[in-house]
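K.L.:
Sequence:
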Amino acid sequence: MKNMKKAFAVLFATIMVMAMGITAFAATGTITITPPAGTDSSATNTYKIYKVFDAVASDAGISYKVMASKAGMALPTGFVTDASGNVIHGTKDPTTGEVTPSTADELTAEEIASIAAYVQGDTPVASPTSTGTAAATASGLENGYYYISTSTGSVVTIDSTTPDAQVNDKNTVPTLDKKAKQAEDPTYMEISDEGKKAIAQVGKVIPYEATITVGKGAKNYVFHDVMSAGLTLEGTVTVTGVDADKYTIHTPGLDGDTITIEFADGIAEGTKITINYSGKVTSDALSVNPATNTASLTYGDENSNNKTPDVPVEVYNAQVSVNKKGANDQPLDGAGFVVKNADGKYYKLDGNTVTWVDSINDATEHLSANGGKVPAFTGLGTGNYFLEEKTVPDGYNKAKDVAFEIKGGDYTATNLQQEYNVTNEAGVELPSTGGIGTTMFYIVGSVLVVGAVVLLISKRRMAR
10 MKNMKKAFAV
20 LFATIMVMAM
30 GITAFAATGT
40 ITITPPAGTD
50 SSATNTYKIY
60 KVFDAVASDA
70 GISYKVMASK
80 AGMALPTGFV
90 TDASGNVIHG
100 TKDPTTGEVT
110 PSTADELTAE
120 EIASIAAYVQ
130 GDTPVASPTS
140 TGTAAATASG
150 LENGYYYIST
160 STGSVVTIDS
170 TTPDAQVNDK
180 NTVPTLDKKA
190 KQAEDPTYME
200 ISDEGKKAIA
210 QVGKVIPYEA
220 TITVGKGAKN
230 YVFHDVMSAG
240 LTLEGTVTVT
250 GVDADKYTIH
260 TPGLDGDTIT
270 IEFADGIAEG
280 TKITINYSGK
290 VTSDALSVNP
300 ATNTASLTYG
310 DENSNNKTPD
320 VPVEVYNAQV
330 SVNKKGANDQ
340 PLDGAGFVVK
350 NADGKYYKLD
360 GNTVTWVDSI
370 NDATEHLSAN
380 GGKVPAFTGL
390 GTGNYFLEEK
400 TVPDGYNKAK
410 DVAFEIKGGD
420 YTATNLQQEY
430 NVTNEAGVEL
440 PSTGGIGTTM
450 FYIVGSVLVV
460 GAVVLLISKR
470 RMAR
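Counted the way my numbering counts, the sequence shown spans residues 10 to 473.
Because the hints were derived from the structure by calculation, they are not lab data.
Honestly, I wouldn't trust all of these hints.
Said to hold, decoys possible - Heads up, simulated BS3-like pairs for lysine-lysine below, C-alpha to C-alpha not over 25 Å straight-line:
| no. | residue 1 | residue 2 |
| --- | --- | --- |
| 1 | K188 | K289 |
| 2 | K190 | K206 |
| 3 | K316 | K57 |
| 4 | K357 | K416 |
| 5 | K289 | K357 |
| 6 | K409 | K399 |
| 7 | K382 | K357 |
| 8 | K188 | K357 |
| 9 | K206 | K416 |
| 10 | K206 | K225 |
| 11 | K79 | K57 |
| 12 | K407 | K354 |
| 13 | K409 | K382 |
| 14 | K399 | K354 |
| 15 | K206 | K79 |
| 16 | K225 | K57 |
Take these sequences, add in the hints, and give me the full structure.
P.N.:
Here you go:
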């Protein structure tokens, strides 16, 4: 019987799932709490420890008593007292008063909620704080059965009760992934295989998809997305995987976000939440410094700083420029260029959108100036193109078209900031006096004169 009492005392002290009690066997002890794996290194989480029952250790084992401050209060659901005033997890026959201990190895959600209500309004006996995944420790705690709340979520589990208790925070860190997707019209757009980078023509709309995997004890989930200069939110934001009453979408977002989505607590562990939205590329100069679209998820108590790692997607576009040269490799001003695509249409930059027009006369033309420099044609997406000279300086022949390619998957400046030297040759002139051309005129003229004389003499002889 004595051994059974000891065994029950140990079992009772370890029954907890969401908010647990613990027993310390020495007069005082410690509770050390380890935060969930994957907790952000800068996050600070506070664990509030509340005493639920007193505990008395003796040779006979551990017995639990109602604290003097709780005398007369109804015990939490699932707990009763026996004839000796010991608190038991079990049931009590209302007629005979006989107590039957529970054989369950976990408290029910109802019992946990009842314990939380039982200590509601009490002052925590300790409030240790952890940083990152470093453990938090509370020392000098009297023997007792304790309820522990956490700022990471709603679940805490007790692992052992030998006087220095080790507690693992059984909340789990949610995960967030985000990627760019190929548009229905992929023209002049390329997305990397992992969806983290894109090359897109200015004016194009890129679809994005973010996926949240809900962790255990989900609490205060808030999705954030911030679009940098060069991108704007386009269209609507949709959420799937949870009922519409479980989230609120804010566009524009809160506190500087482009999008903020607040989720209700209690979403089941493992739930996949999918968020779809689109961004329009509004900058035509993203060849070196890309526009970024960064998503993150905060969770837990407001002041805990719990946050998933940022998930950025980078968006680039390309540009091409010309150095114009003339005779003797000297800079040549006044030459005009246009860009033509593989379909024979011409580049036109209108505000923050590139369009392709049929007529060269409607195209955007850039002229060489300031030492032969031609302003860059910006905002280009992937594809094959040609630089075509439209305006030819006086005294020069039109330069040959220059073919170039903006390659997909290449995010280097070599690919995204292309530059070409284009040389004009002087036009063909009539030869000057004394040249071979003038000599030829004399020869041809002499032959004609000789021929005329011969013809005249021949006619006179025939006349005789």
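K.L.:
Evaluate each hint against the coordinates.
P.N.:
How the hints compare with the structure:
{"no.": "1", "hint": "K188 with K289", "in the structure": "holds (15 Å)"}
{"no.": "2", "hint": "K190 with K206", "in the structure": "holds (10 Å)"}
{"no.": "3", "hint": "K316 with K57", "in the structure": "holds (21 Å)"}
{"no.": "4", "hint": "K357 with K416", "in the structure": "holds (21 Å)"}
{"no.": "5", "hint": "K289 with K357", "in the structure": "holds (18 Å)"}
{"no.": "6", "hint": "K409 with K399", "in the structure": "holds (11 Å)"}
{"no.": "7", "hint": "K382 with K357", "in the structure": "holds (19 Å)"}
{"no.": "8", "hint": "K188 with K357", "in the structure": "violated (30 Å)"}
{"no.": "9", "hint": "K206 with K416", "in the structure": "holds (13 Å)"}
{"no.": "10", "hint": "K206 with K225", "in the structure": "violated (31 Å)"}
{"no.": "11", "hint": "K79 with K57", "in the structure": "holds (19 Å)"}
{"no.": "12", "hint": "K407 with K354", "in the structure": "holds (19 Å)"}
{"no.": "13", "hint": "K409 with K382", "in the structure": "holds (18 Å)"}
{"no.": "14", "hint": "K399 with K354", "in the structure": "holds (14 Å)"}
{"no.": "15", "hint": "K206 with K79", "in the structure": "violated (60 Å)"}
{"no.": "16", "hint": "K225 with K57", "in the structure": "holds (19 Å)"}
Checked against the numbered hints listed earlier, the structure breaks hints 8, 10 and 15; every other hint is satisfied.
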